[in-house]
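Enquirer: Work out the full structure: start from the sequences and follow the hints.
Number of protein chains: 2
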Amino acid sequence: MTDAADDDQLSRVFSALADPTRRELVARLAVEDATLTELAAPHDMSIQAVAKHLKVLEDAGLVRRTRDAQRRPARLEAEVLDLMTGWIERRRREHEARYQRLDALLDRMAEDEDDKDHDEGRRRTGEAS
Amino acid sequence: MTDAADDDQLSRVFSALADPTRRELVARLAVEDATLTELAAPHDMSIQAVAKHLKVLEDAGLVRRTRDAQRRPARLEAEVLDLMTGWIERRRREHEARYQRLDALLDRMAEDEDDKDHDEGRRRTGEAS
DNA sequence: GTGATGTTCAACCATGAGGTTGAACACGAG
DNA sequence: CTCGTGTTCAACCTCATGGTTGAACATCAC
Chain A
1 MTDAADDDQL
11 SRVFSALADP
21 TRRELVARLA
31 VEDATLTELA
41 APHDMSIQAV
51 AKHLKVLEDA
61 GLVRRTRDAQ
71 RRPARLEAEV
81 LDLMTGWIER
91 RRREHEARYQ
101 RLDALLDRMA
111 EDEDDKDHDE
121 GRRRTGEAS
Chain B
1 MTDAADDDQL
11 SRVFSALADP
21 TRRELVARLA
31 VEDATLTELA
41 APHDMSIQAV
51 AKHLKVLEDA
61 GLVRRTRDAQ
71 RRPARLEAEV
81 LDLMTGWIER
91 RRREHEARYQ
101 RLDALLDRMA
111 EDEDDKDHDE
121 GRRRTGEAS
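Chains as they are written, first to last, in my numbering: chain A, 1 to 129; chain B, 1 to 129.
Read the hints as simulated data drawn from the structure, not as lab findings.
Just so you know, not all the hints are guaranteed correct.
Identical chains blur together in the list; that is why a pair holds if it fits in one copy or across any two.
In the DMTMM-like style, the derived pairs of lysine to aspartate or glutamate whose C-alpha atoms are separated by at most 25 Å in a straight line are [what the hints assert, rightly or not]: (1) 55 / 94; (2) 52 / 19; (3) 55 / 38; (4) 55 / 96; (5) 55 / 89; (6) 52 / 68; (7) 55 / 79; (8) 55 / 82; (9) 52 / 33; (10) 55 / 8; (11) 55 / 24; (12) 52 / 24; (13) 55 / 32; (14) 55 / 44; (15) 52 / 7; (16) 52 / 8.
This one's a predicted model, so the numbers in the text were calculated from it and none came from an experiment.
Expert: Dropping the structure here:
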């Protein structure tokens, strides 16, 4: 699982969406396909700059460009989003599980409290509030 | 709605997770809190480099560092993940909606020339190669 | 054909990101 | 107080990123 190729694409996708301009492009393409010049119009930068952004999205697998005469409309490829949400959800689950384990630990400690305690388990800091 | 501050943090969070080392740190911290040296141990780079990564995560709001004597354990702050999943899900919904609109359009077109149908659904799955 | 439109290519520049090393600081343990 | 551990600060290097401009393609419309 988590093989290196996926990890690589995951990096590219996260990185692609780290830029606000690119997020806007994606937002726009989620609504409708658009050509480079259409995409560039609202942005205050050169067409070539937008072309580079578009290429980043393409390399990340977020966008696919087709052909229509001299135009090359871009279309959103939404499946790769699952890669991200998949990763995120996995972490979220682990994080949840961690608190369940902590609760169990606290329960055990509460029981041991009846006994005695010399070993004092205050290593790895934590949740002292 | 989409105010600029959120957009900024969104950028930082996406950017933070764009790096495989940082994703590993987050994965590790999802399981348990850890100090800098503990986090650095498995990685083949200097402690200072890991410290920088950790700082990036901190600035993104993904990690919070507490204090325990001379140690500064890091703990995962999972809420910010919602910012990302929120953004992503919004795009996904828009993208879905787009196809519903397309389907409606195709339906209307089909009615307009309701004799010669038989063509059948090559809607979202793909295009001929 | 010529011309307009849309896209790409290439060179260049400034800044920031990811890494290094070395020194300094903070604190608890002997 | 001194030593060891853990963390941070600062200077530095390299390379990728995001932007620019200018020229070259490619393709439709006349």
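Enquirer: All hints, please: hold or fail.
Expert: How the hints compare with the structure:
no.: 1; hint: 55 / 94; in the structure: between (34 Å within a copy, 22 Å between copies)
no.: 2; hint: 52 / 19; in the structure: both (12 Å within a copy, 21 Å between copies)
no.: 3; hint: 55 / 38; in the structure: within (15 Å within a copy, 38 Å between copies)
no.: 4; hint: 55 / 96; in the structure: between (37 Å within a copy, 23 Å between copies)
no.: 5; hint: 55 / 89; in the structure: between (28 Å within a copy, 23 Å between copies)
no.: 6; hint: 52 / 68; in the structure: within (20 Å within a copy, 46 Å between copies)
no.: 7; hint: 55 / 79; in the structure: within (18 Å within a copy, 31 Å between copies)
no.: 8; hint: 55 / 82; in the structure: within (20 Å within a copy, 27 Å between copies)
no.: 9; hint: 52 / 33; in the structure: within (17 Å within a copy, 39 Å between copies)
no.: 10; hint: 55 / 8; in the structure: both (17 Å within a copy, 22 Å between copies)
no.: 11; hint: 55 / 24; in the structure: within (14 Å within a copy, 27 Å between copies)
no.: 12; hint: 52 / 24; in the structure: within (14 Å within a copy, 29 Å between copies)
no.: 13; hint: 55 / 32; in the structure: within (18 Å within a copy, 38 Å between copies)
no.: 14; hint: 55 / 44; in the structure: within (18 Å within a copy, 32 Å between copies)
no.: 15; hint: 52 / 7; in the structure: both (23 Å within a copy, 21 Å between copies)
no.: 16; hint: 52 / 8; in the structure: both (20 Å within a copy, 21 Å between copies)
No hint from the list above goes unmet by this structure.
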